[in-house]
Amino acid sequence: MYEGPIQDLIDELSRLPGIGPKSAQRLAFHLVKAPAEEAKRLAEAILQAKERIFFCKECGNVAEGDLCRICRDESRDRTVLCVVEEPKDAATIERAGVVRGRYHVLGGAISPLDGIGPDDLRVQELLERVEREGVSEVIIATNPNLEGNATAMYVAALLKPVGVKVTRLASGLPVGGDLEYADEVTLSQALEGRREM
Amino acid sequence: MRVLWVELRDFRNHAQTRLEAVPEGLVVAVGPNGEGKSNLLEGIAYLFLVASPRTSTSEPLVRRGAEAAYARGEIEAAAGRVLVEIEIPARGASRVQVNRSPVRRKRDLRRQVRAVFFGPDDLDVVRGDPAQRRRFLDEAVTSLWPLKESAVTAYDKALRQRNRLLKDWDGRGTPAGLEVWDEELVRTGSLLTALRADAVSRVAPAAEQEFRRLSGYGLECEYRPSVAGEDLAGAFRARLAERRADELARRTSLVGPHRDDLALAVRELGARAFASHGEAWGAALCLRLGLAEAIRAELGERPVLVLDDPFSALDPRRQAEVARGLSGRGQVVVSVADEAHVPEHADAVWDVSAGRVTVRARTDGRRASGVESGVEQGRTPGEA
Chain A
1 MYEGPIQDLI
11 DELSRLPGIG
21 PKSAQRLAFH
31 LVKAPAEEAK
41 RLAEAILQAK
51 ERIFFCKECG
61 NVAEGDLCRI
71 CRDESRDRTV
81 LCVVEEPKDA
91 ATIERAGVVR
101 GRYHVLGGAI
111 SPLDGIGPDD
121 LRVQELLERV
131 EREGVSEVII
141 ATNPNLEGNA
151 TAMYVAALLK
161 PVGVKVTRLA
171 SGLPVGGDLE
181 YADEVTLSQA
191 LEGRREM
Chain B
1001 MRVLWVELRD
1011 FRNHAQTRLE
1021 AVPEGLVVAV
1031 GPNGEGKSNL
1041 LEGIAYLFLV
1051 ASPRTSTSEP
1061 LVRRGAEAAY
1071 ARGEIEAAAG
1081 RVLVEIEIPA
1091 RGASRVQVNR
1101 SPVRRKRDLR
1111 RQVRAVFFGP
1121 DDLDVVRGDP
1131 AQRRRFLDEA
1141 VTSLWPLKES
1151 AVTAYDKALR
1161 QRNRLLKDWD
1171 GRGTPAGLEV
1181 WDEELVRTGS
1191 LLTALRADAV
1201 SRVAPAAEQE
1211 FRRLSGYGLE
1221 CEYRPSVAGE
1231 DLAGAFRARL
1241 AERRADELAR
1251 RTSLVGPHRD
1261 DLALAVRELG
1271 ARAFASHGEA
1281 WGAALCLRLG
1291 LAEAIRAELG
1301 ERPVLVLDDP
1311 FSALDPRRQA
1321 EVARGLSGRG
1331 QVVVSVADEA
1341 HVPEHADAVW
1351 DVSAGRVTVR
1361 ARTDGRRASG
1371 VESGVEQGRT
1381 PGEA
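These protein sequence lines map, in sequence, to chains A and B.
When the letters of the first sequence are read in order and numbered with the working numbering, they come out as residues 1 to 197.
When the letters of the second sequence are read in order and numbered with the working numbering, they come out as residues 1001 to 1384.
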């Protein structure tokens, strides 16, 4: 549609997840019109990220060195591991400040349709970590969808012989939500997981 | 439940059609083939389903030369009036507003308003392969309980995941993680099986009764699930274990609701398959009427019936029987190609011609017979 560099930029941007051709076009023209400084900063940030960010040898989270900030932190509870699909999930839980232990990032969820099997995830590393580090509880915090559930089931079955306590985040009604708008699957899960008062 | 008014803009061949004061009772759209009767009924059904019962893509719904089609209307339900406004772009998702606020999920609308659609394609439910009957079963589940739609989609997803795993397996040992997909298939499949069984137990007796009234003899309508038993999940696991070797050899899932069927046969001198086209047509129609009755029993309110050309394949006696049976069912919108098929007791008649609709005037509380005496409504200014 356009010529030369501007079309190249649009093509590259539209490869990004969540960016369609129209958004790519808008972003491209924004960058072209923006001061050269701004564009340079963005380009530099992308390059830096690629060069300096690694994955933590322990947990698989993003890190600046061998170990991530959380794995380096001696004050964290070393007996509790929280298993998540992606680094962003660890960040979400970390923002809430509810897990005092450390994380283990699987790098996705089992999904044959996407060509992802158990061997493509950091499951073996999890098993080794649990045995090596004397972990007493593994909290599985994969997404509450089909693939997340399948992954949770797989991980739980694998950990069972090790003798570690395995728990799964509860599914149910969102706090501050309205019963009326809950779908039936969520409601029935909330009912299954009800607690005595 | 009742459609109060409906407006279609750039919807198939309807440039602008607006019908006011749609009455409760029997409404008949009449006109030759290809003039827009079915399109009108499709538009009405779209207001309820946010989907076309005739096509899965939206492109054919948009009138040639237009960018988007619009369907608007107001539906009166026991719980209150529901104003539905839908924009259907030729490409991309439809935008739906209910009472002037956008809705996120189709089921948020579908649980408020209910309609049952019958069209010529329904013959496939009777004559076609089992997949057509499974589609009917799932439609029955989702129209009885719109919020259970996720049960249908969850099973479909689990099945596709498991099938892909089996297909991509390199043939050594067993596919990695097969046990967890077994469990997902069992969990979602047991739920779907139970829902389909429940739906059939409500629809079948009503459909059988409709068919008996129409034909004088009965209809067998029985759910044949792939997995059955008191403990569904247990039975499902046992069947999977039995078929494991076969599944690995054929690399696909052989147990589960995707192998269900709905057995349909007439009960004249014992059950046999359908002898005539008319019988099959009647059975297809009666399944829809049975579904409407099941929804009425569940909801305590009649859904709107939208019947596209229900008479065409029936003999005159059955035509008369169906026509007689259409009163006292709440609002029923029917299309017919032949003037002779317009039932005497119709509460309104719409003449459809070239994508335009003219409402016939009524005299003495009954409709007039002549087109000339009709008062024009719903016509775009300047288009006549």
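It is possible that part of the hints are untrue.
Unchecked claim - Partner residues are not named here, just some residues of chain B that face chain A (Cβ under 7 Å, in silico):
#1 K1157
#2 Q1161
#3 G1171
#4 G1173
#5 G1177
#6 V1180
The hints are simulated quantities; they were obtained by calculation from the structure and are not laboratory data.
What you are looking at is a predicted structure, and each value in this text was computed from that prediction instead of being measured.
C-beta: ideal position from N, C-alpha, C; glycine also.
Next on the checklist: Of all the hints numbered above, which does this structure not satisfy? Sort the numbers upward.
Outcome noted: The structure breaks hints 3, 4; every other hint is satisfied.
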